[in-house]
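Chemist: If you want the building blocks of each chain, they are given just below.
There are 2 protein chains.
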Amino acid sequence: MPEQTGRRRGGGREARRAARTRETATALPYITRRVPPYEVLSEEGLTTIEDNADAILAEVGIEIVEFPEALGIFESNGADVQGTRVRFPRGMCREIIQATAPSRYTQHARNPARSVEIGDPNMVMVPAYGSPFVRNLEDGRRYATIDDFRNLVKLAYASPSMHHSGGTLCEPVDLPVNKRHFDMVYSHIKYSDKPFMGSVTNPSRAQDSVDMVKILFGEEFIQEHTVITSLANANSPLSWDHAMLGSAKIYAENNQAVLIAPFILAGAMGPVTTAGVAAQTLAEAMAGMAFTQMVRPGAPVIFGSFASSMSMQSGAPTFGTPEPALMMFTVAALARRLGVPCRLGGNLTASKIPDAQAAYESATTFIPTLLSGANFVLHSAGWLEGGLTMGYEKFILDADMAGMAPSLVAGVDLSENGQAMDAILTTGPGQHYLGTEHTLANFETAFWRADTSDSNSFEQWELEGSKDAAARAHERWRQMLSDYEPPPLDDDVDHRLTQWIEERKSSFPDSDVA
Amino acid sequence: MPEQTGRRRGGGREARRAARTRETATALPYITRRVPPYEVLSEEGLTTIEDNADAILAEVGIEIVEFPEALGIFESNGADVQGTRVRFPRGMCREIIQATAPSRYTQHARNPARSVEIGDPNMVMVPAYGSPFVRNLEDGRRYATIDDFRNLVKLAYASPSMHHSGGTLCEPVDLPVNKRHFDMVYSHIKYSDKPFMGSVTNPSRAQDSVDMVKILFGEEFIQEHTVITSLANANSPLSWDHAMLGSAKIYAENNQAVLIAPFILAGAMGPVTTAGVAAQTLAEAMAGMAFTQMVRPGAPVIFGSFASSMSMQSGAPTFGTPEPALMMFTVAALARRLGVPCRLGGNLTASKIPDAQAAYESATTFIPTLLSGANFVLHSAGWLEGGLTMGYEKFILDADMAGMAPSLVAGVDLSENGQAMDAILTTGPGQHYLGTEHTLANFETAFWRADTSDSNSFEQWELEGSKDAAARAHERWRQMLSDYEPPPLDDDVDHRLTQWIEERKSSFPDSDVA
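Protein chains in written order, with our numbering: chain Z, 1 to 514; chain W, 515 to 1028.
For the record, the hints were derived by calculation from the structure and aren't laboratory data. There are no misleading hints in this set.
Now the stretches of chain W that chain Z is said to cover, found in silico as 3 or more residues with beta-carbon under 8 Å:
1) 552–559
2) 746–758
3) 822–828
4) 871–879
5) 934–944
What the simulated footprint calls covered on chain W by chain Z, stretch by stretch (three residues with Cβ under 8 Å from a Cβ of chain Z suffice, anywhere in the stretch; the number is not a length):
6) 564–574
7) 775–788
8) 855–868
9) 904–918
10) 921–927
11) 947–954
12) 963–975
We put the CB at the ideal spot given by N, CA and C, even for glycine.
One chain only, chain Z, in its complex shape (with noise of 0.2 Å):
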């Protein structure tokens, strides 16, 4: 006789409680992950790649641009300035940064069930950000407008996997170039209530930003708590300006969060070696996080890197593919070690469509994004054309696919439901499961799908006119947005935030220049 087990009772109604508890935990405004994260590296060798960066900001150190108060604030914190350079005693960084930086922290929507917590085991998928073009496919690619901005926070309102309403999600270039951070963060508070990133071309428009969540918020709530969480690049190699670490400034003063980020295109901005990026990159940010924590102790501070490979024939950027891949599996074990949130990935490409291309190398750009353990995951949805375009159908596409990350990286059920040994064992051989009562409790949250995929019968796809997934998603936006419907935004803050949004705007001439 085989051998009996007697582990197994009442499927059916754990199942339909593991069900139900799955269901709630997708219903957060944010993903925790339970799987480990992917390790390429050895201790021995994130060791090397810290050592390197210690090396590299004690022996050439950081260029600090215009922003004389900077110097003195890194020289009278212990770094060594001469002239505009900035030399950081070993270990100097790392130290600042593990004192006082907090390893998470909640970035508050002004819709409270939206709020997230930014940190390990947390992901926050975040729109992309920074384009000056949109394209749909109606009409192809053009400038970006500020109805197009509008139109992207609705859409990123509507789609449950953007935690985040992001920054700029396009630029719009029918407004000056001094004045559009107005428009922008007044968007994203009033046609969504998800968190959102404000303004950093200068540190004034930084000021502006939190300016305008004091009067959402109120101007004693934001000194406690964090509403913003803005992106401040490097301006790789090695050197940061009085724009970007100058809003960050304004940021960490007022207890907002900045996401520090080295942008490196490798072989022009840097080395052409992941070892060697990783390495300049941990430099470059352990150099601004520090800046933030000298400015105001304990203010949120993320550990962020871009770094894309280059076309050896042209000297394109080139996405989707894996050496970017081994450089965030890398990036985020260096950020855990340092105990901060990490910033790093997306759907990224160089195509300029929503196709193949385009699919593939975002996919092969997010599917270690999730692996990493990346906490905070910038360009989730909508990039094409390595950043100068945004997308409507590629955002809808994007989105739809990053809906897929809290299944992933919720990792294998083993509860009793998720083993279906009951099942297994009284399903026998050659019969098919799809009426087993392991089968019906499960069913409706078994398998996570994409909604603009289309799996159905090549007969049924012919039939419903033969489209490719971009037609899809271009009726799945146009929808989307006809179905939009604004979060309810008090009246009275609304009218103080136009108002003193068109006090500040006539109180200075518009200019192009940044």
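Position chain W against the provided structure of chain Z, taking the given hints into account.
Modeler: Frame of chain Z, contents of chain W only:
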């Protein structure tokens, strides 16, 4: 003064040497993985699944359909046989497999430079298998013919990322069902010199495949060497039939390799949970693998798994979803613990065409495949429509993307050249790396790039006709077929093969009964 380190010298020469080493490494006819596999489950979790597989084999067992001889073989090796049901005492299958199944084997190609090593730490990329339809941009979707089959052998031969010619690249439905295998195996031999797969639709066709390689390699050679790897799918759940297991027996008897692969559409042929499907897969595969070792101890065998999720709306299989990715990580770990090579994954999709859906789903399968550490990756190129269609353009795009695999699994180079510290310390802040000695020395091998990806500027892309990836892939396969030159085949061997086939074909009537 900043601290000085003294470990870096001769970056240029070292760099060039490292670059040459990398080139040689990627010129091997298979991939060697240097990164650790991604482990989604702890040892405890894997043990739970192994225990469950043992329980399934002991309590329910496996149904052996229309193959009394196999029942006798199982019984004489210690299994409990009641009618057509075979139950296995706990641990029996594992012990038999671990006693004699090789952890790695060489599959010899007729060109020795193309022989592959199947097993850790290697990875072998193999085209898609089994589609009755083909699709290309010229003809759309239609039934496949032997001409298509030959074209696909030629394309696999001409694709550097494909290490293997595969098996049923498409079903040549213009030929009688009971004689197709002659033309398929002959096409692999004639139009390629890469390793290939044999027929499994009937034990007599497996024997024909073996007889053909006896002519090609010589009878003595094949008794000592493995020259065929063939695919045997279980009839999930928990059933093996005469066609597949009988074919496996023929191959094992002749020291040829069999890929033992449960094919589970979760929710139909197995439960809807990953842990459940993994236990069922392990049970079915262990029964099949143990059978090959009973037939001939030491015969090469691969632990395979094909598991897809399902649309809960339509019941259609879905691909590129997170649940099969978790399944892949789990099964690869189970295979490592069992000590046999592992097959899973590929570039799978439910899309009917090579659009963004196809690419998202394929890459979302393929990247986890690579990180799982799978050794034999069937369906690496061409798969469309859940396997019903082999796409010419999809083949090119997949094969191109598969070209990233060696760089990804090579991991991070931590050599002196990889650390690039000379380059970083001598290139100052704000300077670029385009002309540095380190960049020039590593330029050619630094970054992998897909040939069918367009990373040029928008303007350049527009000038070149605004093509999508599928259009570029179309041009590419047309060019590859037009450039194709067959590898030399000994005239006498060719003559004996064709004569033998003619004799065999005329010895029994055509039939389209499978």
